[in-house]
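A.B. asks: Okay, here's what each chain looks like letter by letter:
There are 2 protein chains.
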Amino acid sequence: MFRTFDEIEHHILSSGVKKRIALTGAHDSYSLEAVVHAKRRGLVTAALLGRVDEIASLLRSMDEPQDGYELIGCETEEENARRAVAMVHEGKADMPMKGLLQTSAYMHAVLDKNMGLLPQGGLLSQSTLVEWTKEGRMFQITDCAINIAPDVQQKKKIVENAVRFAHRLGCECPKVAVVSAVEVVNPKIPSTVEAVALKQACRNGELPGCIVGGPLGLDNAVSLQAARHKGVTDPAAGSADILVMPELCAGNIFTKSITFFAGLRSAGVLLGTITPVIATSRTDTPENKYHGILMSLLNAL
Amino acid sequence: MFRTFDEIEHHILSSGVKKRIALTGAHDSYSLEAVVHAKRRGLVTAALLGRVDEIASLLRSMDEPQDGYELIGCETEEENARRAVAMVHEGKADMPMKGLLQTSAYMHAVLDKNMGLLPQGGLLSQSTLVEWTKEGRMFQITDCAINIAPDVQQKKKIVENAVRFAHRLGCECPKVAVVSAVEVVNPKIPSTVEAVALKQACRNGELPGCIVGGPLGLDNAVSLQAARHKGVTDPAAGSADILVMPELCAGNIFTKSITFFAGLRSAGVLLGTITPVIATSRTDTPENKYHGILMSLLNAL
Chain U
1 MFRTFDEIEH HILSSGVKKR IALTGAHDSY SLEAVVHAKR RGLVTAALLG
51 RVDEIASLLR SMDEPQDGYE LIGCETEEEN ARRAVAMVHE GKADMPMKGL
101 LQTSAYMHAV LDKNMGLLPQ GGLLSQSTLV EWTKEGRMFQ ITDCAINIAP
151 DVQQKKKIVE NAVRFAHRLG CECPKVAVVS AVEVVNPKIP STVEAVALKQ
201 ACRNGELPGC IVGGPLGLDN AVSLQAARHK GVTDPAAGSA DILVMPELCA
251 GNIFTKSITF FAGLRSAGVL LGTITPVIAT SRTDTPENKY HGILMSLLNA
301 L
Chain Z
1 MFRTFDEIEH HILSSGVKKR IALTGAHDSY SLEAVVHAKR RGLVTAALLG
51 RVDEIASLLR SMDEPQDGYE LIGCETEEEN ARRAVAMVHE GKADMPMKGL
101 LQTSAYMHAV LDKNMGLLPQ GGLLSQSTLV EWTKEGRMFQ ITDCAINIAP
151 DVQQKKKIVE NAVRFAHRLG CECPKVAVVS AVEVVNPKIP STVEAVALKQ
201 ACRNGELPGC IVGGPLGLDN AVSLQAARHK GVTDPAAGSA DILVMPELCA
251 GNIFTKSITF FAGLRSAGVL LGTITPVIAT SRTDTPENKY HGILMSLLNA
301 L
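Keeping their order, the protein sequence lines are chains U and Z. Counting along the first sequence from 1, when you hit position 86 you're at 86 in this note's numbering, and nothing is skipped either side. Counting along the second sequence from 1, when you hit position 237 you're at 237 in this note's numbering, and nothing is skipped either side.
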């Protein structure tokens with residue numbers, strides 16, 4: 001299994017993959033910088049949608065020749081998003097990427113029933129891949145950005161999406177920890193009850209290719225020492241590869257804490273779509289966004 | 001305002017305060033070590049409840065003379081907890097402290113309607129004080145351990161409790177950030193709606209001695225740079241002193257992330273009781289537990 005983003009980059013570079021990005025709202029220095037970097041590495045070509053004058057000016061400021069790109073004028077956020085997704089449908093691009101536009105406008109196009117990129121019966125979910133330097137390994141946190149209060153059925157799909165991505169990361173049988181505040185089942189804390197249901201689903205063969213454990217506190221999910229001290233013997237305890245969050249806010253706050261307090265590198269990825277969809281956050285750095293591109297290329301290999 | 005636990009310790013040492021702890025389930029090396037350390041610093045005296053033979057043996061292993069303590073034999077967890085709380089009621093001790101016993105048994109005694117330590121109409125809440133080394137300041141996260149899914153009325157009391165503690169910490173008008181996953185109100189995300197209600201309550205004078213802001217993502221609550229980048233102008237943005245969590249799991253996971261990923265020092269404190277109540281976690285180190293004692297001494301000054 002990959003242990004760092006650098007290892008992932010190395011793997012993708014040596015695979016010879018090259019995909020075409022449709023960057024929507026491309027008049028955004030951070031997003032454009034990430035795409036330019038990926039293009040210079042030989043990983044992507046790109047169509048740049050949005051305000052063409054601004055895009056051209058940004059490319060100049062980066063000393064990047066404009067003739068390597070297709071610039072497409074789009075006015076509104078809706079037009080930007082729709083055009084990018086349509087290009088993927090028409091085979092003119094492999095993956096859309098979100099630049100300077102509201103997430104809602106972007107997701108509206110991605111999730112459109114007729115023209116969107118979600119398979120029937122599928123669930124779109126988000127996962128954040130974290131590079132845990134101290135332990136020399138990576139793990140996923142899901143869902144930190146899309147599903148507000150998923151029920152058990154939705155959490156099953158969130159787990160499926162994350163497990164499929166873990167396999168891409170070279171983790172053959174990921175340990176999935178259903179995280180809560182406590183290790184004992186308490187009907188007043190839904191995530192503890194859901195943990196039992198998800199473990200049962202795994203035992204029944206409904207969640208293949210992984211081991212599901214929980215409910216686990218975060219300490220027991222990630223630290224073998226903490227798990228031992230509390231006498232927790234759960235199969236996913238201590239070294240979980242996938243941390244399933246109780247609900248959106250917990251995932252969102254945890255992911256941001258990883259960045260702002262622990263200073264670890266991380267990248268978000270959208271899962272469950274027909275083709276990879278790149279959707280990074282407005283506060284992501286160019287490096288984050290470049291890692292987001294790498295995640296999607298990995299999913300496209 | 002205090003910036004480190006060492007500053008708090010220095011302040012308490014120079015105040016000359018001395019309180020009597022009733023350590024229940026004292027046959028626990030970590031808890032006992034913390035109490036012995038506080039006693040050696042001249043901050044406390046202590047009654048030690050539990051299995052007296054084991055307690056005596058632990059004291060010997062710490063080279064601590066037994067005659068400085070009152071040893072009281074208690075068999076069951078219930079007896080341990082009840083006796084400690086009763087001692088505080090009878091003026092034989094100033095504050096109970098949890099050693100080796102289940103939180104539920106301990107809290108049952110603390111919250112007992114007749115003999116407990118909660119004022120009528122009060123709400124018990126928990127807050128974690130974090131020492132943010134990089135920024136040279138401290139902040140609170142609340143609630144990470146007690147209230148599972150507090151509604152607006154309960155959150156008002158959680159804020160009141162934390163604000164009162166912030167005043168003890170020398171923060172005259174704390175900035176209270178009601179944290180969520182997003183900055184815009186979304187009826188499907190209760191914490192965003194509650195943020196508006198709490199801000200309104202503050203404006204109405206129902207939450208004096210603080211400034212309430214939100215809904216805020218964690219990034220905008222703690223980082224001025226992130227707040228500026230997203231154009232967030234909320235009065236609590238960027239440098240919040242109190243982070244109000246959406247619900248228990250989010251608080252619990254965030255607090256544990258602060259310890260396990262960011263490696264910051266933190267200490268939990270119970271708020272809203274008549275007298276300070278020391279309740280640390282089983283996985284806390286002696287240092288954590290000693291900081292827990294300091295928090296309660298600060299509350300007793």
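Just so you know, these hints were derived from the structure itself, not from any lab. Be a bit skeptical, because a hint or two may be false.
[Claimed, not checked] Derived lysine to aspartate or glutamate pairs resembling DMTMM-like cross-links, with alpha carbons at most 25 Å apart:
no., chain 1, residue 1, chain 2, residue 2
1, Z, K230, U, E33
2, Z, K230, U, E206
3, U, K230, Z, E135
4, U, K92, Z, E54
5, Z, K134, U, D284
6, Z, K188, U, E77
7, Z, K134, U, E33
8, Z, K134, U, E287
9, Z, K230, U, E75
10, U, K134, Z, E135
11, U, K113, Z, D284
12, U, K230, Z, E79
13, Z, K134, U, E54
14, Z, K230, U, E79
15, Z, K188, U, E54
16, Z, K230, U, E77
17, Z, K156, U, E79
18, U, K230, Z, E33
19, Z, K156, U, D284
20, U, K134, Z, E75
21, U, K188, Z, E135
22, U, K188, Z, D63
23, Z, K230, U, E135
24, U, K230, Z, E54
25, U, K188, Z, E33
26, Z, K188, U, E287
27, U, K230, Z, E75
28, U, K230, Z, E287
29, U, K134, Z, E287
[Stated by the list, open to error] Cβ-to-Cβ under 8 Å is the rule here; a few derived chain U residues that face chain Z:
no., residue
30, S180
31, S191
32, V193
33, F260
34, F261
Every residue, glycine too, gets a C-beta built ideally from N, C-alpha and C.
A.B. asks: Does E54 of chain Z lie within 25 Å of K230 of chain U when you go C-alpha to C-alpha?
C.D. replies: 20 Å, holds
A.B. asks: Measure nothing beyond the straight line between the CA atoms of K230 of chain Z and E77 of chain U; if it is 25 Å or shorter, mark the hint as holding.
C.D. replies: At roughly 18 Å apart (the allowed maximum being 25 Å), E77 of chain U and K230 of chain Z satisfy the hint.
A.B. asks: Next pair to validate is K134 of chain U with E75 of chain Z; report whether the Cα-Cα distance is within 25 Å.
C.D. replies: Violated, because 43 Å separates the two Cα atoms, which is more than 25 Å.
A.B. asks: So if I understand the rule, the pair passes when the alpha-carbon distance is 25 Å or less; does K188 of chain U with E135 of chain Z pass?
C.D. replies: 37 Å, violated
A.B. asks: Run the distance test for K156 of chain Z versus E79 of chain U: straight-line Cα separation, threshold 25 Å.
C.D. replies: Violated. K156 of chain Z to E79 of chain U sits at ~44 Å, over the 25 Å cutoff.
A.B. asks: Tell me if the straight-line CA distance from K134 of chain U to E287 of chain Z falls inside 25 Å.
C.D. replies: 22 Å, holds
A.B. asks: Are F260 of chain U and chain Z close enough, Cβ to Cβ, to be under 8 Å, as the hint says?
C.D. replies: 6 Å, holds
A.B. asks: Tell me if the straight-line CA distance from K230 of chain U to E287 of chain Z falls inside 25 Å.
C.D. replies: At roughly 18 Å apart (the allowed maximum being 25 Å), E287 of chain Z and K230 of chain U satisfy the hint.
A.B. asks: Given the hint that K92 of chain U pairs with E54 of chain Z, test it: the Cα-Cα distance must not exceed 25 Å.
C.D. replies: Violated, at about 75 Å.
A.B. asks: Regarding the hint that S180 of chain U lies at the interface with chain Z, is the smallest CB-CB distance below 8 Å?
C.D. replies: 6 Å, holds
A.B. asks: Hint check: K230 of chain Z vs E33 of chain U, CA-CA at most 25 Å. Holds or violated?
C.D. replies: Holds. K230 of chain Z to E33 of chain U sits at ~19 Å (cutoff 25 Å).
A.B. asks: Are the Cα atoms of K188 of chain U and D63 of chain Z separated by 25 Å or less?
C.D. replies: 45 Å, violated
The structure fails to meet hints 2, 3, 4, 7, 11, 13, 15, 17, 19, 20, 21, 22, 23, 25, 26, 32 from the earlier list, while all remaining hints are met.
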